[in-house]
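Number of protein chains: 2
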Amino acid sequence: MSKQVWKGAALLNPAPPVLVSCGRPGDAAMRPNLITVAWCGTVCSAPPMLSVSIRPERHSYGIIKTSGVFCVNLATRALARAADWCGVKSGREVDKFAAMGLTAAPAASVDTVLLAESPVNLECRVTQVLPLGSHDLFLAEVQAVDIDESLLDAAGRLHLEKADLLAYCHGDYYTLGKRLGGFGWSVRKKPKRR
Amino acid sequence: MSKQVWKGAALLNPAPPVLVSCGRPGDAAMRPNLITVAWCGTVCSAPPMLSVSIRPERHSYGIIKTSGVFCVNLATRALARAADWCGVKSGREVDKFAAMGLTAAPAASVDTVLLAESPVNLECRVTQVLPLGSHDLFLAEVQAVDIDESLLDAAGRLHLEKADLLAYCHGDYYTLGKRLGGFGWSVRKKPKRR
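Taken in order, these protein sequences are the chains called A and B.
Counting from 1, one number per residue, gives the positions in the first sequence under this note's numbering.
Counting from 1, one number per residue, gives the positions in the second sequence under this note's numbering.
Note that these hints are calculated values from the structure, not bench results.
Hints may be right or wrong, so weigh each one.
Because identical chains share one entry, a pair is satisfied inside a single copy or across any pair of copies.
Restricting the straight-line Cα-Cα distance to at most 30 Å, the calculated cross-link-like pairs of lysine-lysine (DSSO-like) are [what the hints assert, rightly or not]: (1) K178 with K3; (2) K178 with K162; (3) K190 with K89; (4) K65 with K178; (5) K65 with K89; (6) K189 with K162; (7) K189 with K178.
Keep in mind the model is a prediction, meaning the values are calculated, not measured.
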């Protein structure tokens, strides 16, 4: 390989383009909103924690900073257009749930809404906010997860491969493609032939 | 949809299964190592910053904490087996570069190594370490990015879709699949027909 050295850039890819829901019904200053975030990730297994980074000028920033709660709703192929649209539009000007024909349902463990049409909702409580520059980093504990029963088998095991999740890579939305193997496949012994 | 409410879990998917390189040649306590990390993400655009979360008991943890530098090397289909293997094995027992036939090359801007066989290397300097529980969160600025010329067109524009990057989803490695659209496609006017 022959490489060029560029100045630093946000080129960690692919990322999960999740729909973050926030706000609560009946509170005029906190009307439920959706913002699409790809600057996010898991940060801890125990306790389960994730991070989302949001620009202070975004409408959802104030709602989440004030309320301290939000939901991360995984984006599927069926939600691709909504994911893109909710990342471009502002909740200051439009009710994104209504405009996209989507449903804000109450979360089970935190006082905010989740996106009913997403099959996996991570209910989060903010533990820390770190200003970094263009974005503030919200660290949050996942208090509960809502999972659509269509993703569960008879034994109650989660089959996330059925969710048809999206990946975001350098400005483009993709489906997931071919499964190459599961964690640990490189060291697993092959079954002996008879 | 009919949902079950589970207790909190690290179910933010898909994630980028990156190979993190650290250490430096000629320093016995800092022998170059690779660790695969899916608990990572972009956290800021300006300055460009990312996070990686590492368990304190991992061999790379001490190297990165002491040196304050590492590289994030994007994982491709050609690196899938190495990515899995480097996530399972420990650098205390084996030289992962040698075992996988991979090359540790000096980074341009930080005193550590990058994975030469990865077409995109993000050279990072740690700014903050936050203990969260099972994992410590390393926040880092991307100082430089090394990009293979095979991903650049004649105008010098990056075509990351040529890199055949991997996604990691709930324990499985995937290629990226069908491209559904670019950022903003949901609001772009369709060209008029003549």
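How the hints compare with the structure:
{"no.": "1", "hint": "K178 with K3", "result": "both (28 Å within a copy, 28 Å between copies)"}
{"no.": "2", "hint": "K178 with K162", "result": "both (13 Å within a copy, 16 Å between copies)"}
{"no.": "3", "hint": "K190 with K89", "result": "between (51 Å within a copy, 18 Å between copies)"}
{"no.": "4", "hint": "K65 with K178", "result": "neither (39 Å within a copy, 36 Å between copies)"}
{"no.": "5", "hint": "K65 with K89", "result": "within (20 Å within a copy, 40 Å between copies)"}
{"no.": "6", "hint": "K189 with K162", "result": "within (27 Å within a copy, 32 Å between copies)"}
{"no.": "7", "hint": "K189 with K178", "result": "within (22 Å within a copy, 32 Å between copies)"}
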